[in-house]
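Colleague: First to last, the protein sequences are chains Z and H.
For what it's worth, numbering that gives the first Met the number 0 labels the leading residue of the first sequence as 0, then goes sequentially.
For what it's worth, numbering that gives the first Met the number 0 labels the leading residue of the second sequence as 0, then goes sequentially.
There could be a bad hint or two in this list.
As the list claims (entries may be wrong) - Partner residues aside, some chain H positions facing chain Z, computed with beta carbon under 8 Å:
| id | residue |
| --- | --- |
| 1 | Phe-21 |
| 2 | Val-35 |
| 3 | Gly-36 |
| 4 | Val-138 |
| 5 | Ala-345 |
| 6 | Val-347 |
Stated by the list, open to error - Think about it this way: if two alpha-carbon atoms lie no more than 20 Å apart in a straight line, the pair counts; the simulated EDC-like pairs of lysine to aspartate or glutamate are:
| id | chain 1 | residue 1 | chain 2 | residue 2 |
| --- | --- | --- | --- | --- |
| 7 | H | Lys-149 | H | Glu-183 |
| 8 | H | Lys-49 | H | Glu-277 |
| 9 | Z | Lys-149 | H | Asp-29 |
| 10 | Z | Lys-31 | Z | Asp-1 |
| 11 | Z | Lys-154 | H | Asp-39 |
| 12 | Z | Lys-9 | H | Glu-373 |
| 13 | Z | Lys-121 | Z | Glu-142 |
| 14 | H | Lys-182 | H | Asp-212 |
| 15 | Z | Lys-9 | H | Glu-369 |
| 16 | Z | Lys-154 | H | Asp-212 |
| 17 | H | Lys-372 | Z | Asp-74 |
| 18 | H | Lys-284 | Z | Glu-5 |
| 19 | Z | Lys-139 | Z | Asp-74 |
| 20 | Z | Lys-149 | H | Glu-369 |
| 21 | Z | Lys-154 | H | Asp-29 |
| 22 | H | Lys-145 | H | Asp-87 |
| 23 | Z | Lys-141 | H | Glu-48 |
| 24 | H | Lys-182 | H | Asp-160 |
| 25 | H | Lys-291 | Z | Glu-17 |
| 26 | H | Lys-291 | Z | Glu-66 |
| 27 | Z | Lys-9 | Z | Glu-142 |
| 28 | Z | Lys-154 | H | Glu-369 |
| 29 | Z | Lys-24 | H | Asp-22 |
Hints are computed from structural coordinates only; laboratory data are not their basis.
From a predicted model like this one, the values you see are computed outputs, not experimental measurements.
Built from N, CA and C at the ideal position, the CB exists for glycine as well.
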Amino acid sequence: MDEILEILSKDARISPEEISKLTGKSVAVITKAIKKYEQDGIIVKYKTLINQELLQENRPLVRALIEVSITPQKDVGFDYLAERIYSFPEVVSCYLVSGAYDLLVVVEGDNIQTVANFVASKLSPMENVRKTTTHFLLKKYKEDGQVLKKSQQRKRLNISY
Amino acid sequence: MKNIVISKKVEQMAPSGIRAFFDLVLGMKDVISLGVGEPDFVTPWHIREKAIYSLEKGYTSYTSNKGMIEVRKELERFLQKRYGLSYDPEEQILLTVGVSEGIDVAMRTILNPGDKVLIHQPCFVSYGPMVDLAGGIPVFLDTESKNGFKLTPQQIDRACDRKVKALMINYPCNPTGASYTKKELQEICRVVIKRNLLVISDEVYDELTYDFDHTPLASLPGMKERVIYLNGFSKAYAMTGFRLGWVCGPSKIIAGMTKVHQYTIMCVPITSQMAALEALRSGFKDVADMKKEYMRRRRFVVESLNEMGLTCLNPQGAFYVLPSIKITKQNSLDFAKNLLSRKKVAVVPGVAFGRSGEGYVRMSYASSYENLKEAMARLRSYIGS
């Protein structure tokens, strides 16, 4: 992966000036590259990784992983049905996977009831959806390469040769 | 007991001003430290996991004095593949408690009273005292910023007399970051061979060489028979706390070193040896990732320092920069003390690395980018005030 992308993938808020200092490339080159990545859809979006569990003011959102078995259709294979499913705003992620089922659908809702309703009234009744298995997520340990628990700072001696 | 008298040599060791400064830093809270001589990464998990597993399996005994043969064989393969170096794992490889022990044991093995050892300066703090304790005489050769802090062949040649037995060299160098290209090393080798010197070569930062490929001194023609090649796991694999290094050298020297090592250490801890096996077998990706990160930080720090007038060379290896503090008109210890008390940033005074380190301070960029950014901002405001 390009160095600029690699740096941005770890810290989306880093400025072109700072990237320039880290890479030795000029600010103009970096700004241009980022613009091109955005136009080409390589950089899709800049987001913030939030640890919902620590949010006090709100009840955290409920997330479920749903294994979905579907019957692929002529000409369009899995894609057609996948699109019908991922178009629901409740769906956070949708992957086609190998193995015992076909789609892994991640759904988020305010509470268990909303997620259950989504499965019962929208997902399961869909034509060509053969079977669903819903796993409610109990605890997130690590997301997108990031351990969510604030780790205790390991202590190095402040000075050594 | 009244009037305890300890060894004169020991009594005179280590500059006390520096020690007091270190104690000051260690006792202070909320310091941003650029004074640390170790990676800020934690040992990669797969290596730690292997060490834990070995404990679960009950690997808690002594091993052979030289270290487990499995580790030495793995090292043999590693060095062959990495540098084309071939050492006999039975007779020419010894595992030590970090490179530090390797230096001590090497000096005690090769030196007779009055033998001289040439050492470049600024240099790592232990070389001189180790030579001294082993009965030898350290002869310091000042390296200068205008030569990139590198030893020149002429310098070595000029310093040689009949009592000079060995050259102690460290590259990439702590604290200067200087390293040598293959061509530069070849020129040094010519003098070393002409003067029939042994060389103790501390190459513990070899994997952190940025601008060209590292060449082990022992890999050059005619050198393997006279080089005591020291290296370790601390820097490349972020394993400082495991305290594990290795020495490769001619059979006769390794046999001698093994004698000293067995009486002082017996053997290095088995847990560290088990971790080392994993590091050697599958640590290459960790090394590459860390190196990439250090390179970015190096760029950032070098540029920031030069911008604020603390001029420094672009270090070719390790994770230190040695900026000149000439513009502040302070000596290095005062600079470090003032910076600490006013801005809570810790650096190591250059004088700690020998008299030719005066006028410089060592800063380590083995620190997170956020820390480095904050440290540079504080430095800028310190310089401006």
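Colleague: State for each hint whether it applies.
Modeller: Checked hints:
1. Proximity of Phe-21(H) to chain Z holds as hinted, the smallest CB-CB distance being about 5 Å (cut-off 8 Å).
2. A distance limit of 8 Å between C-beta atoms decides the matter here; for Val-35(H) the minimum to chain Z is near 6 Å, and the interface restraint holds.
3. A distance limit of 8 Å between C-beta atoms decides the matter here; for Gly-36(H) the minimum to chain Z is near 4 Å, and the interface restraint holds.
4. The restraint placing Val-138(H) at the interface with chain Z is violated, with a minimum CB-CB distance near 21 Å, outside the 8 Å limit.
5. For Ala-345(H), the interface hint holds, since its Cβ comes within 8 Å of a Cβ in chain Z; the closest pair sits about 5 Å apart.
6. With its C-beta approaching chain Z no nearer than about 7 Å, Val-347(H) sits inside the 8 Å limit, and its interface hint holds.
7. Using a Cα cut-off of 20 Å, the hinted pair Lys-149(H) and Glu-183(H) holds, with the two alpha carbons roughly 9 Å apart.
8. The straight-line distance between the Cα atoms of Lys-49(H) and Glu-277(H) is roughly 7 Å, inside the 20 Å bound, and the hint therefore holds.
9. For a cut-off of 20 Å, the pair hint linking Lys-149(Z) to Asp-29(H) stands: about 19 Å separates their Cα positions.
10. Proposed proximity of Lys-31(Z) and Asp-1(Z) is supported: the alpha carbons are some 14 Å apart, at most 20 Å.
11. With a C-alpha separation of about 10 Å, the suggested pair Lys-154(Z) and Asp-39(H) falls inside the 20 Å cut-off, and the hint holds.
12. As the CA atoms of Lys-9(Z) and Glu-373(H) are separated by approximately 19 Å, the hinted pair is consistent with the 20 Å bound.
13. Straight-line distance between C-alpha atoms of Lys-121(Z) and Glu-142(Z) comes to about 27 Å, which puts the hinted pair past the 20 Å bound.
14. Under the criterion of a C-alpha separation no larger than 20 Å, the hint pairing Lys-182(H) with Asp-212(H) is consistent with the structure, at around 12 Å.
15. Between Lys-9(Z) and Glu-369(H) the CA atoms are separated by roughly 13 Å; this keeps the pair inside 20 Å, and the hint holds.
16. For the hint linking Lys-154(Z) to Asp-212(H), the alpha-carbon distance of about 33 Å lies beyond 20 Å, and the restraint is violated.
17. About 55 Å separates the Cα atoms of Lys-372(H) and Asp-74(Z), which puts this hinted pair outside 20 Å; it is violated.
18. This hinted pair checks out: Lys-284(H) and Glu-5(Z) have alpha carbons roughly 16 Å apart, not beyond 20 Å.
19. Using a Cα cut-off of 20 Å, the hinted pair Lys-139(Z) and Asp-74(Z) is violated, with the two alpha carbons roughly 38 Å apart.
20. For the hint pairing Lys-149(Z) with Glu-369(H), the CA-to-CA distance comes to about 17 Å; that is within 20 Å, so the pair holds.
21. With a CA separation close to 12 Å, the supplied pair Lys-154(Z) and Asp-29(H) stays within the 20 Å bound.
22. Annotation: proposed proximity of Lys-145(H) to Asp-87(H) is violated, straight-line Cα distance about 40 Å (limit 20 Å).
23. A hinted pair counts as satisfied when its Cα atoms are at most 20 Å apart, and Lys-141(Z) with Glu-48(H) qualifies at roughly 18 Å.
24. Distance check on the hinted pair: Lys-182(H) and Asp-160(H) sit about 25 Å apart at the alpha-carbon level, beyond 20 Å; violated.
25. Among the hinted pairs, Lys-291(H) with Glu-17(Z) is consistent with the structure: their alpha-carbon atoms are about 16 Å apart, no more than 20 Å.
26. For the suggested pair Lys-291(H) and Glu-66(Z), the alpha carbons sit about 39 Å apart, so the restraint of at most 20 Å is broken.
27. A C-alpha spacing of about 13 Å is found between Lys-9(Z) and Glu-142(Z), which places the hinted pair at or below 20 Å, so the restraint holds.
28. Straight-line distance between C-alpha atoms of Lys-154(Z) and Glu-369(H) comes to about 17 Å, which keeps the hinted pair within the 20 Å bound.
29. With a C-alpha separation of about 41 Å, the suggested pair Lys-24(Z) and Asp-22(H) falls outside the 20 Å cut-off, and the hint is violated.
Checked against the numbered hints above, the structure breaks hints 4, 13, 16, 17, 19, 22, 24, 26 and 29 and satisfies the rest.
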